[in-house]
Each structure stands twice: as structure tokens, then as C-alpha cells.
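Start from the sequences, fold in the hints, and give me the full structure.
Residue numbers (our numbering), protein chains in the order written: chain A, 281 to 1210; chain B, 4 to 258.
Because the hints were derived from the structure by calculation, they are not lab data.
One or more hints might be untrue.
To be verified - Covered by chain A, according to a simulated footprint, are these stretches of chain B (three or more residues, beta-carbon under 8 Å):
| no. | stretch |
| --- | --- |
| 1 | 118–132 |
| 2 | 136–145 |
Claimed, not checked - Not everything, but these chain B residues come out facing chain A in the computed CB check (under 10 Å):
| no. | residue |
| --- | --- |
| 3 | Thr74 |
| 4 | Thr75 |
| 5 | Asn78 |
| 6 | Cys79 |
| 7 | Ser81 |
| 8 | Asp84 |
| 9 | Arg85 |
| 10 | Asp103 |
| 11 | Arg104 |
| 12 | Thr107 |
| 13 | Ala108 |
| 14 | Arg110 |
| 15 | Cys111 |
| 16 | Arg112 |
| 17 | Arg167 |
| 18 | Arg183 |
Don't be surprised by glycine CBs; every beta carbon is placed ideally from N, CA and C.
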Amino acid sequence: MSTALLVVGGLFFLVYGPLALLAWRRPLLARLALRESVRRRGQLALLVGGLMIGTASITASLVGADSAHDSRLVAAYRTWGAVDLTVSANGRLFSADVADRLGADPQLAPYVDGVQAGVELVGSVADVDREKAEDNVSLVGFDPRTQRPFGAFGLLGGHATYGEDMQPGDVLLSEALARALGARIGDRLRATAGWPGDATDLRVAGIAGTEGPGSYPSAGAIYMPLGTARLITRDDRINVVRVSARGGETGSLEAADRASGPLRSAVSRLGSGTPLLVGEGKRAAVHQYEVNMQALTAELLTFTGLIVAAGLALVVNLMLALAEERRPRLAILRALGLSRQDVIVVSVLEGGVYSLGGAAAGIVVGVFAGRLVGEQATAPYGFVVVYPIRPSTLAIAFAAGAVITLATVAAAAYRTSRMSIAAAVKDLPEPPSSRDRGRFHRAFSLLGLILGGAGVLYPDPLAQLGGGVVLIAVGAGIARGRLPDRGRASIAGLLLALWSAVVASGNTSMDDMTKYMSVFTGGTLVAVFGLCIVAAANLQVLEAGLGLMGGRLGRLQAALRPPMAQLSRRPVSTGLATGTFALALVLVTMLAIFVSAYRPEYARDSAGYNIRLVSHGLEPVQLPPDIESQIAARVDIPVRTYKGPIHSQAYGPNGESMPVPFYELSDRMLESDPPVYVTSRDKAFASAHEMWRAIARDSNLIVVNFTPPGGEVTLQGVHGPLQLRVAGNVSPILDGVMASSRTLAEIETRPSGSVVLLKTKSGVDAQSLARQIEHSLVLQGVRATTTRDLLDRSYTGSLAWLTFFDVILRMGLLVGVLSLGVVGIRAAVERRRAIGIMRSLGYQPPRVVGGLLAEAAMIATIGVATGVIAGAFLGYLMMRFFIAGGTYGIDGVRLGVALLIVYGTALLTTAVPAWRAAHISPADAIRHTG
Amino acid sequence: MARPTRQFILRVEVPMKPDRSNGSSQLIVQASRLRKVYRGASEVEALRGVDLEVERGEMVAVVGPSGSGKTTLLNCLSGLDRFDGGKVLVDGADLASMSDRERTAYRCRSMGFVFQAFNLLPVLTAAENVEIPLLLQGNGGRQARQRALEMLETLGLAHRARHRPDQLSGGEQQRVAVARALVHRPAVVWADEPTGNLDTEVTQVIVELLLRMNKEGQTIVLVTHNPQVAERAARTVRMRDGRIEAAPASAPAMR
Chain A
281 MSTALLVVGG LFFLVYGPLA LLAWRRPLLA RLALRESVRR RGQLALLVGG
331 LMIGTASITA SLVGADSAHD SRLVAAYRTW GAVDLTVSAN GRLFSADVAD
381 RLGADPQLAP YVDGVQAGVE LVGSVADVDR EKAEDNVSLV GFDPRTQRPF
431 GAFGLLGGHA TYGEDMQPGD VLLSEALARA LGARIGDRLR ATAGWPGDAT
481 DLRVAGIAGT EGPGSYPSAG AIYMPLGTAR LITRDDRINV VRVSARGGET
531 GSLEAADRAS GPLRSAVSRL GSGTPLLVGE GKRAAVHQYE VNMQALTAEL
581 LTFTGLIVAA GLALVVNLML ALAEERRPRL AILRALGLSR QDVIVVSVLE
631 GGVYSLGGAA AGIVVGVFAG RLVGEQATAP YGFVVVYPIR PSTLAIAFAA
681 GAVITLATVA AAAYRTSRMS IAAAVKDLPE PPSSRDRGRF HRAFSLLGLI
731 LGGAGVLYPD PLAQLGGGVV LIAVGAGIAR GRLPDRGRAS IAGLLLALWS
781 AVVASGNTSM DDMTKYMSVF TGGTLVAVFG LCIVAAANLQ VLEAGLGLMG
831 GRLGRLQAAL RPPMAQLSRR PVSTGLATGT FALALVLVTM LAIFVSAYRP
881 EYARDSAGYN IRLVSHGLEP VQLPPDIESQ IAARVDIPVR TYKGPIHSQA
931 YGPNGESMPV PFYELSDRML ESDPPVYVTS RDKAFASAHE MWRAIARDSN
981 LIVVNFTPPG GEVTLQGVHG PLQLRVAGNV SPILDGVMAS SRTLAEIETR
1031 PSGSVVLLKT KSGVDAQSLA RQIEHSLVLQ GVRATTTRDL LDRSYTGSLA
1081 WLTFFDVILR MGLLVGVLSL GVVGIRAAVE RRRAIGIMRS LGYQPPRVVG
1131 GLLAEAAMIA TIGVATGVIA GAFLGYLMMR FFIAGGTYGI DGVRLGVALL
1181 IVYGTALLTT AVPAWRAAHI SPADAIRHTG
Chain B
4 MARPTRQFIL RVEVPMKPDR SNGSSQLIVQ ASRLRKVYRG ASEVEALRGV
54 DLEVERGEMV AVVGPSGSGK TTLLNCLSGL DRFDGGKVLV DGADLASMSD
104 RERTAYRCRS MGFVFQAFNL LPVLTAAENV EIPLLLQGNG GRQARQRALE
154 MLETLGLAHR ARHRPDQLSG GEQQRVAVAR ALVHRPAVVW ADEPTGNLDT
204 EVTQVIVELL LRMNKEGQTI VLVTHNPQVA ERAARTVRMR DGRIEAAPAS
254 APAMR
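Right, here's the structure in full:
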């Protein structure tokens, strides 16, 4: 049972247990609460609908995170299949005898089901019949004699094979590669992998499905018996031994862990001349996914956290509206002899009914929303999405949603219980409250000061943030009556925004991603609500502007003044309403910034080169003269591949699944700056040129595009583990690692062809020239792509990643729009009398509607302004950490469309309650019960 | 003897002095066979053919037990509520033939209201509450503010102009309500239990205020439970079960 479940579940029983006891001991109060809750079915439905937002958001977030997590793990396990461990020499060849000897080792035998000799290369494959080539293809050689423990290749069409029936030269294509090449059974292929047997002719014997070994070790792969693989390597030796652990189950590393030690012992007993390493590729893959998921989960929880907060603000609004509507009836109960505590109990019991209903409904909605989030979070990676609905997840969401809602109800009930009975019975406004708020308030303030002070001093940013907020709130409470309301609200709001900025700017450690994002989320919430309170309190400036209107604008002034005053003179309430909206806008703005940051600038990002050629051949790429004549400049960069463990702080490749390309930069190239755009660099370097010069001098420095500058990458060096520092990032045209020849000499890599960057002459169409090159050089396995296509592909991938933000964003907008509807309902409920007075004084219904719509527009505008400002700032911070080298900007079209939708729906949502409120009979509205 | 909480001088300027030269124009409110039915689970006939006339410049008190239809009568006469039968002419205008929009405009132009619950807009200051009727009539902001302040000064509330209702005492709130009812110089001021929420001392102040307004020529129709308040009016109309029990002839002289 998880700690979270214990805490939340315990809290649930701590809260609802006493409630149940209270209901049992005070049946009258329970009956009153139940009758009140079901008195109006429509209201009940509305409340449960509104209250479910919190639970739905929590559920969606948790289910989405679970789904994304499990989908990725399933993908990791599926990729590795029955291959639990490997033995290799970092890609170098060694005797095939190693596999036989390991297989025959009696001490190892109890731990393994299968040991298989294999060859794994990376290269390009051209389909001669389709005249299409693919690069970075895994060429997997397997031994059909020992394939059984690793499973049969399930072929599309229904057959399965262990490879024994395959003829020399026959290969199986993975489903993804077959799709990319458009290949069919019987097609002639030509494989190039930087080995002596380059340009080996092969034949497609079948297409392997993704179940079983057909996913190993990457999506784009060809599988061939060892005999065929030797046609490429021209060598009897192998470069990998695959081991399947005994008792291995899908989704478990236990068997691999059990076999790992005995395998190492067995390898050491071999006494082979070649230093052999035991690779735990499956564990590394699972670990890498876990690391990536931590970041994704943190991001997911951050953004849904904002939605939950917005949902809670909506719940608070709903509860305040409910408390207002109940006030006269509760006052009668008070007059009949119910104590304040009893009133709170009735309200809380009633809230208990709502919160349980809301939580239950929220679970159902949240599960569906969570599936959507999970799907969006994993879809870009082509995984099979799984939807785990864990009872513990649902229990946490249910209990958290119910407890949070109930806490809100209790706070609203406490507020209502302080009513003046005489005023409330007649539904009159509360008389002015005494400044002396009694011992309870003083004790509460003192407790707040102690807790807040302790939080600020505690060395944890989240505690500091919370502590500061408590101190500011207590300070604002103490200043009540001593400072003008406007000044008090402005100072408190500003302090909240400043404090969150101070705490957030000190929160630079990303070691614990969840913590980092929690502070980020908390800071966002506090800053947004603080700024909203400041904006609301200072609407009086606009009011003053209204006061300056003269002559014919008097009627407009009359229409606008009540709603404007309503907003400006209740800054906390307005801050709550506008803050909900602002949170949604924060997400909209951040998304607009991300989209803008990812959008490529072709000329800059390609450094002026239009075409990239990838060749896995050992010989330099020879362009035909007719093509050569269209080229203005050409740069050849040798590529070597590294296959082995690689660790980085952020998202990174799994070097044990797929060799990582290393682009070798000669001293001459480093002297004159390599032809790539540097998107970001370590602050230690004043310019890109200085960075390249440093890389030439310092063999510890590399350039990558998967870890931010300053980060570290650890891999297997010639003399053991090697730690390298990231000097900078480059555009995605060169995907991998860029290093000097000196650095590469310290890493176990092998040649893997070259990359050629071409600059076309003026007037040459790069797209058709690339097609022409690929057509001419297809048999050499040369892949030609325009840099524009490469940048577009990278952009599309990034946008796909952003789709999950999009889902959350839609949830946020829904909450924002709903909250405006609730504000509209609150206006109708709470201001029934005020609207009646206005109508009796001569306000026409359209003017009342206009005023309420103006109020909604004002809330939306404050929310939009605050949300856009906060989102622009937070987007900048997020971009700095997550989008290396992105250009800061805002996608105006996306933001503009979102704002149009926001304003449109805001007005539509408010129009109905506003229209209804405006058509209240003035006589009914001002009639009182006295 | 009760001492007023605050001394102030009344200089209320009302629009229409009673013109006694023309007998037909004396009547400002004429209601005949007025009927009002509340329809819910069962029908309740709140007004059962009420006939009532109020002269310009008159102060009429409507009294009667709870549920007798006093407030309903006031709501129907003032155009706050629709009625189901009969006819109501206010200053020559037929309320029955008016749409909601026209009645609203009419209220804005020609009616002033004082309620038991004060019914000030809680988020607006005293001055802002008072200037609403002027702004609704299209007066400019500065002009409206000046007039509102003058009105508040007249009622001895100039120092409370920037206070919101929750910062004022009950008596002050009701005086602000009176100021709002008068500021646009309406034809009739309708007061529904204007002293219902006030103590004796403040009741006295408000009644004096209404009497002075009436003396200046302001027509006032007030509903009250308080016999001391009713007896200060020029005429008392007694209601019971939706009917007028006794309607003495109009006598504009004040006590």
C-alpha cells in the first residue's frame, strides 16, 4: 500500500468517521442536512457536477500518469522481450565460442533458459525494388539453433519462425521498417553497415510482427540468421551474446537480477582475451523509462495541479453561493436554538453528501479524462497505450477529492455560522463586524505566525512558500481596519507574488523533478492569485475613470458602476474568480510559448545547408557529376557508433538498445566552427566559436542535443566509465553526440560511415535534388533528406509531445469557463436583492444583463491579463529548462484563438444566469420575510 | 423626550408643488378595482378590488395587519409588480398599459423608493447610491455627484458620503435611502415600512424627514405598522384582507 494511499485514506476516515458518528448521535441535524441536500434536485446536480471537478482532475492526473508510465514500461519490456542480459565487448567482435561455453556452463545453467550468439550492427537498408532507403537500421543476427528460448518471430500472415527455415540471404523486416520502405516479401534489399561486406544483397523473407522478438532492439530492424549476418561482417565472430534468464516474466526484472551475478562469474571464468562486459540492457531501458517518466509525471502533475487548484477555486465559489442561499434558513434554525457548532455540523453533513457524490462522479469522469491524458502522453512515441485503473489510484483520488471538498464546505459553513441571526432571518446584509475578533482569532493569528515563521525558516522551498503565504495572510488579517482595504489587498497581493517569485527563483535544483515541479506549481498558484487580488483591488482606478465621464456617458456609468464596484471592493472574492480563469490562461500562454519555441527557423537552424546525406558505407559518398554541379558547398563529417551503457541527467538515448552516433570533429573543423547551429551553450563560453575551441582543447567536452549545457553524460570509455560534460546543444539536424577526435579516442566506438551536409546553389530546389541523390545512390544505402524536412519532423515530434498539454489545457479552459458560469450563478443568488433594488430604481433588464456581462468580461480580462503575464514568465522559466535553444516568443495565432474562445464562451456562459437574474421581478427580489 | 441623534436642516427641493387651482390635476395616483392574485400551490387574492386616490402633495399612510395587502398595494401602485385587474393611473400614466420596459423607465423617472431593509447597494458608497437615479436619467457623472452630495448634505450625511452601507448605522442607511428616493425629484415617493428596522429615536428622525419633504410638496405613500408613524400622515388608509376598510377623504393638511 502506498504512503499516499495511507495518508489520504487515513485522512478520509479521520474526517468522515467523526461525521458518521455525528450523524448517528445527532439524528435531527443529519435529517436536516439530508433534507437540505435533496431539496432541489437541480441544485444538487449542479453542486455535484461542480464539486466533481476536483476529484475528476486528481483522478485524470493520476490515471493519466499511471497510463503513461505503464505504457512506456510495457514498451520497454516488449522491446527487450526474452533478452534479459547481454555479453559484449562494446561492439567489437569476439569468438562465437563464448556463447557455446556460457551455454554449457553448469553453474550458470540453473539461472538461464537460453544463451545465444548474435551480431548487432547499425546501418542503412535500401529496398532495391522500391528504390527507397532507410538509415539507422538495426541489423540483428541470431542463431536459429538457440532461438527457441527467445521466442519465435510471428510473421504477418500468420506463420511463425525460429529462422531455421530461412535461406542464406533471407531476412525478416520489422513491421515499422517494412512500412517505412514500403517493402514486400520477395523484395531485394541492400544492406550497408560500415563493414567489409558492405552493400550485401539480401531478400525479404517475411515481416515480423511486434509481438515476440520482432521488436528487438528498436522499431526499425532486420533479422537474419548468423550465416546471413556473416555475409555483411565477413567474419565468423560475433559481437553479442544474448541471455534469457530462467523464470523470466513479462514486466519483471527479477529473473534478470537473479541471473546477473552467475553470468558475471561465468564470464570471468571464460578467461577470454577480449574484455567482455555483462550488459543489463533491459534494466537500463526500464530505468531510463522510469527516469523519463519522473519528468513526465512531474510535468503532468504540475499542470493538472493547476487545474485542480482552479477546480478548487470553483468549488469555493459554489460553496459560498450555497452558504448564501442557505443563510436565512440556517438563521431560523439558529433562532430556534441551534448553536453555531450545530449550524456548522448541519452544513458539513450536507457538504459530506455533496462531496461524496461529487467524488464518486469525479472518479468516473476522471478515469475517462485520464485515459485521454495517458493516450496523448504516449501516442507520440508510438507505444501501445495501456490503461491501468488501480484501486489504490481511485481510492487516493476519491478520498483526496472528498476531503478537499469537505474542507471547503467546512470553511464556508464557519463563515456562515458567524451570521447575525436577526439580519440573516430577514435576508439582510450582515451588520458591520466588530474590530475585536476575540480570543479565538488572536490565537489563530498567533498560531499562523508561528507556523508561517517556522515554514519560512525550514530549509525546503515548498515549506518556505507555504510559510510565507501564511505569514502574509495573517498579516493582512491583522491589518484589517488599520489599513484601507484597497491598500491592504494590494500590499498582500504584491507580497504573495513577490514571495513566490523569490522562492521559485531560488528553486534551481532539478535533482528531484517532482519537488522542483511542486514548487513551480505552488509558486504559480500563489503568484497568480496574488496578482489577481492586486488587479481586483485596483479596479478602483478604472472606477475613477468612470467618474470622470461626463454628459451622455452617465447611463453607461450607471450600468458599469455596480459590477465594477462588486469586483473592486471584494478583492479576495474577485481574486478567486479571476485566479481560476488566470490559471487556465497560464497554461494557454505557456503552450503558445512552447509552440513558438519549437518552431524552426530554417535558415538559422540549418546553418545554411539544405540537404543532409547519411551513409553507413566506409567509402566517402561520391556524387554523380550532374548532382555535383548543383552543389555550392559540402561538408563531410565521419560518424562512429557507440553501443553500451550511457547515462545522462535528462531524457537520453539507451545506448544498449541502439548504438548512439558520434560525429567526429577534426581539429580543422573545430578551428573554423562546424557547420551546425548552436542552440544553446554553457555560460562559460562567450560565443559558439569559443565553445568549439574549448572542445578542441578539452577532451571532456561534448555537444549533444538531449541534455542541457552543463549537464553530464557518463558512458563506457576505453579504460572504464567516462564522464563527459555537455558544452552546448545543436539543432536536431545532427542527432547524437558531437565530439573531437581526441575525445573519441577515449571511447569504444566503431566507424559507421559519414554524414554529408550539402549547400545547394542558388535556384536549385533542394527537395528534388535530395530525391535525385537518393535515386542515384540508393544501392549504396545513402539516405538524402532536406534539412527543412528534418527540422519539420523534429517540430512535429515536439508538437506531438505538446498534445498532452493540450488535453490538460482543454480541461483548464473548461474549468475556467465553468467557473465563470458559477460566478454568474453566484451573482444571481447573492445579488438577487441588489438586482431587485436596481430594477426598482429604474435599471432596464438589458442594462442589468450588460452590467453582469461587463463583470464577466472584466473577470475574464483580469484573468487573461494576469494569466498571460504569469504564463509568459513561467513559460520562459520552463523553456529555459526543457527546450534547449528555443527562441522565446509567443504563438500569437494560438493565443489569439484561445482568447477568442475564452471571451466568447465566457460571455455565453454568463449570459444565461445574467438574463435570468435581470428578469427577476423587483417586487419579489426585494420582498423580505419580516 | 427623545433627542435627535444629529441636528440637520432640511432644504429638500421637490419638483412639484401642489397646484390646488385645478381640481382635476390634484390627483396623482388613481387606482380603481385593483386586483392582484398570487398563484402558487393555491391562489391567494392579495388585492380584491381596491379603489384609492392620492392627491398631489399628499402624504398617505397605508396601515393594516400582516397579510392585509399593504405592500402588495404599494408594489402594484408603484409599478414594481404587475396586477391582475383594475386600473392604475399615476400622474396620468396608465400602468396597466405599460410594458415592463416602460414601467421601468417610468419608475426611473417618476418614482422614489424607501424600503424597510434600506436596500442600498452594498458595494457602493453613500454618494454612489444616491446618484444612481440621476445617472440612469442620463445626467453626467460630475453633475450627478454634485447633486448627490448636496442631497446628502441636506440630510446631514455629507461626512458619510464615501462610506459604504456596512459602515453606516441603520438610521444613516435609511437617510441615504431617503436621499436616493428624493434626489431625482420624483412625482411620488413610496415608502414601505421605512421605520420598520429602526429604533424609536431614529424612527422619529426619519418621520420628521418625510414630513418635511411632504411639506415641501412631495407626494408620499407609506406603508407602516407603526401607529405613531401613521398618525403623522395626512390621511390613513386601513386595509384588511385585500380591501380598503376605511379611506377618509383626502386632507392634505399635516399634523
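Hint check:
no. : hint    : result
1   : 118–132 : holds (count 10)
2   : 136–145 : holds (count 10)
3   : Thr74   : holds, 7 Å
4   : Thr75   : holds, 8 Å
5   : Asn78   : holds, 4 Å
6   : Cys79   : holds, 8 Å
7   : Ser81   : holds, 8 Å
8   : Asp84   : holds, 4 Å
9   : Arg85   : holds, 8 Å
10  : Asp103  : holds, 7 Å
11  : Arg104  : holds, 6 Å
12  : Thr107  : holds, 5 Å
13  : Ala108  : holds, 7 Å
14  : Arg110  : holds, 5 Å
15  : Cys111  : holds, 2 Å
16  : Arg112  : holds, 7 Å
17  : Arg167  : holds, 7 Å
18  : Arg183  : holds, 8 Å
In this structure, every one of the numbered hints holds.
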